[in-house]
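S.K.: Here is how the chains run, residue by residue.
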Amino acid sequence: GENVEQHPSTLSVQEGDSAVIKCTYSDSASNYFPWYKQELGKGPQLIIDIRSNVGEKKDQRIAVTLNKTAKHFSLHITETQPEDSAVYFCAADTGNQFYFGTGTSLTVIP
Amino acid sequence: NAGVMQNPRHLVRRRGQEARLRCSPMKGHSHVYWYRQLPEEGLKFMVYLQKENIIDESGMPKERFSAEFPKEGPSILRIQQVVRGDSAAYFCASSPQETSGVNTGELFFGEGSRLTVL
Chain A
2 GENVEQHPST
12 LSVQEGDSAV
22 IKCTYSDSAS
32 NYFPWYKQEL
42 GKGPQLIIDI
52 RSNVGEKKDQ
62 RIAVTLNKTA
72 KHFSLHITET
82 QPEDSAVYFC
92 AADTGNQFYF
102 GTGTSLTVIP
Chain B
2 NAGVMQNPRH
12 LVRRRGQEAR
22 LRCSPMKGHS
32 HVYWYRQLPE
42 EGLKFMVYLQ
52 KENIIDESGM
62 PKERFSAEFP
72 KEGPSILRIQ
82 QVVRGDSAAY
92 FCASSPQETS
102 GVNTGELFFG
112 EGSRLTVL
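The listed protein sequences correspond, in order, to chains A and B. Each number in our numbering comes from the position in the first sequence (counting from 1) with 1 added on. Each number in our numbering comes from the position in the second sequence (counting from 1) with 1 added on.
Just so you know, not all the hints are guaranteed correct.
Unchecked claim - Selected chain A positions facing chain B (Cβ under 7 Å, derived; list incomplete): (1) Lys43; (2) Gly44; (3) Pro45; (4) Gln98; (5) Phe99; (6) Phe101; (7) Thr103; (8) Gly104.
Said to hold, decoys possible - Only pairs whose alpha carbons sit at most 20 Å apart, straight line, appear in this in silico EDC-like list of lysine to aspartate or glutamate: (9) Lys38(A) with Glu112(B); (10) Lys43(A) with Glu41(B); (11) Lys38(A) with Glu53(B); (12) Lys45(B) with Glu16(A); (13) Lys23(A) with Glu42(B); (14) Lys72(A) with Glu6(A); (15) Lys38(A) with Glu41(B); (16) Lys28(B) with Glu53(B).
Stated by the list, open to error - Calculated Cβ distances over 10 Å to all of chain A for the following chain B residues: (17) Arg21; (18) Asn54; (19) Lys72; (20) Gln81; (21) Val84; (22) Ala89; (23) Val118; (24) Leu119.
No lab work stands behind these hints: they were computed from the structure. Predicted model, so just to flag it, every value in this text is computed and none were measured. We treat Cβ as the ideally placed atom computed from N, Cα and C, and that holds for glycine.
Work out the full structure: start from the sequences and follow the hints.
M.R.: Below, the structure is given as structure tokens:
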């Protein structure tokens, strides 16, 4: 089955700096890679996603890159703000099941 | 359009009791997934259901746990004879169905049901 690894597990940045979270996957059949943000006591919310036929996607301050050859994808958050503080999960979808990374706890220091 | 609705949000049970967690998917969604999340851990897949069918239950413990998604009504995750190790947040997610029947890949989560076993 698919194995998704996510790094780092915790990340602290100063407000205004950029944050980068990286994930790798093992199953070349995975073709859809969403990123979720989970705030304390709430359910994960989709913030951005990318499909295997695209190398990069951007939505305002967040962007995701995908390298299918190397089987890794990354989340980039620029100009971080305190409200970006949360746990972020990457996932890989093989078409039948979603496999999640173990999460990155991001803290943005004002 | 209401999102994925889970209830109860919080449930307390004593060891040996039964826990029933309900999930109503978003309108028009026919795929339901259940995940378990332990404190400060990731989301662990449990089961994937479509209406009246269990598609993949490879993440579900073989004993005491069962899930269903009937033709009418919510999906239910049932845990019999709960033990302290069952204490966790249980998240339901749903996704829409393309006309071809293939999962579009977009997953929408509920707010979760937090089970505490005393």
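S.K.: Each hint needs a verdict: does it hold in this structure or not?
M.R.: Here is how each hint holds up against the structure:
no., hint, in the structure
1, Lys43, "6 Å, holds"
2, Gly44, "4 Å, holds"
3, Pro45, "5 Å, holds"
4, Gln98, "6 Å, holds"
5, Phe99, "6 Å, holds"
6, Phe101, "4 Å, holds"
7, Thr103, "4 Å, holds"
8, Gly104, "5 Å, holds"
9, Lys38(A) with Glu112(B), "12 Å, holds"
10, Lys43(A) with Glu41(B), "13 Å, holds"
11, Lys38(A) with Glu53(B), "31 Å, violated"
12, Lys45(B) with Glu16(A), "32 Å, violated"
13, Lys23(A) with Glu42(B), "17 Å, holds"
14, Lys72(A) with Glu6(A), "11 Å, holds"
15, Lys38(A) with Glu41(B), "14 Å, holds"
16, Lys28(B) with Glu53(B), "17 Å, holds"
17, Arg21, "19 Å, holds"
18, Asn54, "13 Å, holds"
19, Lys72, "22 Å, holds"
20, Gln81, "25 Å, holds"
21, Val84, "24 Å, holds"
22, Ala89, "14 Å, holds"
23, Val118, "19 Å, holds"
24, Leu119, "20 Å, holds"
Hint violations for this structure: numbers 11 and 12, all remaining hints satisfied.
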